[in-house]
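**Student:** Which chain is which? The protein sequence lines are A and B, in order.
Number 804 in the working numbering belongs to position 139 of the first sequence; there are no gaps in the numbering.
Number 313 in the working numbering belongs to position 291 of the second sequence; there are no gaps in the numbering.
Quick caveat, the hints were computed from the structure, so don't treat them as lab data.
For clarity, every value in this text was computed on a predicted model and none was experimentally measured.
Heads up, the beta-carbon is just placed ideally off N, CA and C, and yes, glycines get one too.
Treat each hint with caution, since some may be false.
[Stated by the list, open to error] Covered by chain A, per the in silico footprint, the following chain B stretches (three or more residues, Cβ under 8 angstroms):
#	segment
1	105-113
2	117-126
[As the list claims (entries may be wrong)] Partner residues are not named here, just some residues of chain A that face chain B (Cβ under 10 angstroms, in silico):
#	residue
3	Ala689
4	Ala691
5	Thr695
6	Val696
7	Glu708
8	Thr712
9	Ala834
10	Glu838
11	Asp843
12	Ala847
13	Leu851
14	Ser854
15	Pro855
16	Arg857
17	His861
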Amino acid sequence: MRTDRLTLLLLILPGAGFIFLFLAAAIAMTVLQSVGLYSLVGESKLTFEHWFSLADRTFVDSFLFSLKVGVGSAFGTLVFSYPLALFLRRRRYGTQLIGSIIKIPLFVPALVAAFLILNVLAFHGILNSTLLGLGIIDRPLRMLNDKFGWNVLIIQIWKNLPFQLLILAATLESIQTDIEDAARNLGASPWRVIRHIILPLSAPGILIAVVLVFILTFGDYAITKVAGPVYPSSLSVLMYTEAFTLQQWGSAACIGVVITFASLLFVAIYARAARAVAEIGQ
Amino acid sequence: MSGLRLRNVVRHYGGFTAVDGVDLDIAKGELVTLLGPSGCGKTTTLRMVAGFMAPDSGDILFGERRMNDVPPHRRNTAMVFQSYALFPHMTVAENIAFGLKMRKIPAAEQMRRIGEAIDTVSLRGLEARRPGQLSGGQQQRVALARAIVTQPDILLFDEPLSNLDAKLREKVRLEIRELQKRLGVTTLYVTHDQVEALAISDRVVVMNKGRIEQVGAPEALYRQPLTSFVADFLGAANIVSGTAAGDHLVTTPIGRFSVGPERKLGSGPVKISWRPEDMRVAAPGAEANIVGARVRGVVFCGSFTELVLDVAGQQLRAQVDTGFRGREGDLLDFAVPSDRIRVVA
Ligand SMILES: Nc1ncnc2c1ncn2[C@@H]1O[C@H](COP(=O)(O)OP(=O)(O)O)[C@@H](O)[C@H]1O
Ligand SMILES: [Mg+2]
């Protein structure tokens, strides 16, 4: 009994210890730094000046930009991934090939992805050249570093499509074909089968897919840095600038805290919603 | 309401032929059962009638109307699935209402018909439950109510009782049959359980490897199987190979048998078959159709005793009454009445 416990402890120690050291401890450090303690530069004393310094236009704009990218990517990706998952569900000719090609972005690092898409969207990129060549436009369109952040959204959707697709495919897979057949048998057209059966039964999967992509994109650095607008930047980019360009480590820590806790908040919302949905499902 | 006709229906999966030229006429209001071992193509046939898949060739007709290209939601069939296939996110009442909602039946009539269906299957008080909160038997009733409430032209059952325990199975079997008779709805019922098929059907279709072996009323099929497959699949059968020796005589390695009068045999190899319950201990001095057999096993089965017999290396089975006092190892004479012997293919 005692040795069993000891074995168990030894088994979970590396994993749990790693998580504690690099996650809990790091988050705690960041929180403390945001209020002036454990400062890496200068003296340490309890102060909220870093938090007050955040209450300016730049931070608010960055926050809203990150929120927009997070929400926009999460739902923007869903618009593509859900119909695709529905299509790939019924194995037809070619679905396997499509399924594999679509997973490619999964293996391309974000920074590389950003550069790849850059080549397509750039002022003298593939898209503009093609449109010019076809005579559809007579001057190249400025699609990079646009103020709204369309490029960021496009790249994020491209990058996150396979994530959502994998989650949604697994969810749809778990719906018995008998249930769908029963609905058709009772008079539901294909559209109504989706509306009344598939959609509600895959709601938990949709929720997971949306929240996951939100968290992945809300804290994005690489893609915004490469393809995003000059102003505003994302929270992560702002954090980097504060820390390494302006040497404002305290402010950077505050931004880190905001990113972390916003993500945690969404995880919590998601967990509650998922539980509610699961209860409905029973 | 209409009859159902299958005309030379064929269906392949890849290179494998699952349904191989099925011809079948089901009259209005009739209950016909597809009976056969697992994998013989029963479900595939049923799914083609429901419209979930199309035949590769052949026709499916409801009444006079060819249905091959009609999608399932326009067929007005109702199916009870083996898995029940209830909608897990809907209550019992919502499940039953689904078909009516899809048909855009006015709300007041929906309420009335749902109430009726719930009474029919005795689910009062459970309307607000979800399928996950019901027992297997209750789920089965919801599936049944959901099907009949739409007043289908054709009712389809795919092994609806296979997930119930034995006692409940018998009870629900009777209820389904009564309900079907009362509604007068044309019904195609699938099972691999021969007792269920015999008990519930107007006619039984025995299937084997995608083909129909024989069609008939339960008793006719049981008494007059045409093939050794049917004889063996419906109940138990003793099947012996032999040679025809005259119009009503068959010579076999275990003796000569005179067989029933209704078929002339000619000559050549034949198989004969009889039921274990038609074999009895011979009265002293009897001469016709006598088999001298060694008793290899005596199994008490409650209402009868089952004997395992050995005749010149061939194993036979007999059912005798429980007064039987023989033992393993005894050598006894058994008689088989000639009108109970069938010549089978
Ligand atoms: N989707 C499928 N793909 C390939 N083979 C199948 C498929 N469905 C059924 N089969 C095969 O077709 C045969 C008939 O199946 P089925 O109609 O389900 O038989 P039954 O209901 O009589 O058990 C079986 O041998 C089965 O393995
Ligand atoms: Mg089957």
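**Student:** Could you run down the list of hints and mark each one as holding or not?
**Tutor:** Structure-based check of each hint:
| no. | hint | in the structure |
| --- | --- | --- |
| 1 | 105-113 | holds (count 6) |
| 2 | 117-126 | holds (count 4) |
| 3 | Ala689 | 38 angstroms, violated |
| 4 | Ala691 | 41 angstroms, violated |
| 5 | Thr695 | 42 angstroms, violated |
| 6 | Val696 | 41 angstroms, violated |
| 7 | Glu708 | 60 angstroms, violated |
| 8 | Thr712 | 53 angstroms, violated |
| 9 | Ala834 | 20 angstroms, violated |
| 10 | Glu838 | 16 angstroms, violated |
| 11 | Asp843 | 4 angstroms, holds |
| 12 | Ala847 | 4 angstroms, holds |
| 13 | Leu851 | 4 angstroms, holds |
| 14 | Ser854 | 5 angstroms, holds |
| 15 | Pro855 | 8 angstroms, holds |
| 16 | Arg857 | 7 angstroms, holds |
| 17 | His861 | 8 angstroms, holds |
Checked against the numbered hints listed earlier, the structure breaks hints 3, 4, 5, 6, 7, 8, 9, 10; every other hint is satisfied.
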